[in-house]
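Please model the complete structure; the sequences and the hints are all you need to start from.
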Amino acid sequence: MEIVKDILKVEEQKGYEEIESLIETEIYLNQTKPDIENILWADGKVEILSTKIIKDKILVNGLVKFKVVYKSNEEELNIYALETNSDFREEIEIEGINEEMSGEVKSSLEYIEYELNGERKVSLKALINLWGKVEQTNLVEIIKEVKEGANLQLLKEKIKYNDVLGREESYALIKEAFEVGENMPPIEEVLKVDMHPYEKEFSISADRVIVSGVVECSLIYFGGNKLNSIKKEIPFTHFLEMGEIEKDCKCQLNMEVVDGEYELREDLEGQLKIIDLEVKVKIVGKLYEQREKEVIIDSYSTSNKINLQTEEISIMENIKDIVDRENVSKELKGKGFKEIYAIEGNPSLIDNQYVEDKILVEGVLSLNIYYLQDGNLEITTLKEEIPFKSYINADELDRDILIDVETSLEELDYTLNDNVLVINGTVKNHVFINRERKINIISEIEETEELVDKRNRPSITIYMVQKDDILWDIAKRYNTTVEEIILSNNITSPSTLMPGEKIIIEKKIDVDF
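So for the sequence shown, this note's numbering puts the first residue at 1436; every next one is plus one.
Treat the hints as calculated values from the structure; they're not laboratory data.
Be aware that one or more of the hints could be misleading.
With a straight-line Cα cutoff of 20 Å, these simulated EDC-like cross-link-like pairs (lysine to aspartate or glutamate) come out [said to hold, decoys possible]:
{"no.": "1", "residue 1": "K1490", "residue 2": "D1441"}
{"no.": "2", "residue 1": "K1593", "residue 2": "D1441"}
{"no.": "3", "residue 1": "K1717", "residue 2": "E1634"}
{"no.": "4", "residue 1": "K1444", "residue 2": "E1879"}
{"no.": "5", "residue 1": "K1541", "residue 2": "D1491"}
{"no.": "6", "residue 1": "K1593", "residue 2": "E1831"}
{"no.": "7", "residue 1": "K1635", "residue 2": "D1756"}
{"no.": "8", "residue 1": "K1593", "residue 2": "D1833"}
{"no.": "9", "residue 1": "K1568", "residue 2": "D1598"}
{"no.": "10", "residue 1": "K1480", "residue 2": "E1545"}
Quick caveat: nothing in here was measured; it's all calculated off a predicted structure.
This is the structure in structure tokens:
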């Protein structure tokens, strides 16, 4: 008997957990800044500096970068920005994880509260969300095939899984210089810079993933005794070096801006109208291929007794994954918009479920709108939400599937006409449809010299089919083969046996005693 073995490489999610953290800090005005009359807005960005997995925990070190924009009490309209950083350390508890596993931590800023204490001190509170996900790649040895076994019968089962071919984390450094329009005033102070990266397309070559993306840059600045805004799309191309890879594999990409700096320069007329941007984008790529393999889950011989060793393995089967893009839009009237400076969007998921052969994904696109009010000409912010719902076709799935959705915002555009603000965006949902299976596989097969004794059995046995019977079990019980039962009974649908149905089992002697 020749046993052919194979290695099954499967990725298993060991845990997922979400926590909230409240970050508090204060900003004091330095001597060069005038007193505060009122705060226009406060925003911030969460930056994950490092993560480390230890037993049952992910240790997270991070930073919240706060920025407060305020109007001074000076006679002329003057607007200033204050900045400060506050670091944090958190623990995400996930039972059963350890240092050998790989993890991913994502963050979002839920809200910022501010309070003006006197005229020169601002108290800040930020609620942040942290998501931790830990995975483990298991190498499972399986028996792929058995050759030259004496009358050996093998029961095989197909499994689907994602074979992870490679992971890579890389940083794209994007530089761009642009000039504000001719009709716009010079820049006195930059009040807000928002940079949002997203993927346009990617291609796979022999040893790399070529990523084409866009960084949407929105900038608000003070100049000419008013607020001004600029929106710029910066295209970029980046290479993820992955080693030797296959062209037909799939790729999952995640992007985030981890650092952004700018420098103001003078134009030919000596006015501060040129902005030099330098953006650092973290790009995480995972290459994988959907594979299907057969594993041996049972075996017997019609002539010799054999010894089997079994092992239970847990596999997260990837049935399919789907990329769906949903257009979201909203029309706002009667809000008193005179001028829109910038709109930020952040999508979040509420629910996903399998309903009537479709995957239902529900979420909300949260918006921060920075604008000038009509009438009183006050500068203010408005929070709005756009609910979205996607129905994604997914026929013939089991009810015990596990659905994992990663959502991100791509384009976000707006127009303002006659005090009516129309917002349009694209939300990308990457849906992974999985099923966790526990399978008993054969890990070892040993043929013995002991023969199966059929001498005392009747030449014909009538067997009445019981509930949940399959032909394999019946054939194994009577040391015959599935093919012989099908032939003796003229069975046309071997996979569907009816309880109470009568099966004829013919005795065949394979060995002379």
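Consistency of the hints with the structure:
1. K1490 to D1441: Violated, at roughly 31 Å.
2. K1593 to D1441: 14 Å, holds
3. K1717 to E1634: The hint holds at about 12 Å.
4. K1444 to E1879: The given pair, whose Cα atoms are some 19 Å apart, holds under the 20 Å limit.
5. K1541 to D1491: Between K1541 and D1491 the Cα gap is close to 18 Å, so the pair holds against 20 Å.
6. K1593 to E1831: Distance of about 17 Å is within 20 Å: holds.
7. K1635 to D1756: 19 Å, holds
8. K1593 to D1833: This hinted pair holds, its Cα atoms lying about 16 Å apart.
9. K1568 to D1598: 18 Å, holds
10. K1480 to E1545: 10 Å, holds
The structure is inconsistent with hint 1 alone, although it conforms to all the rest.
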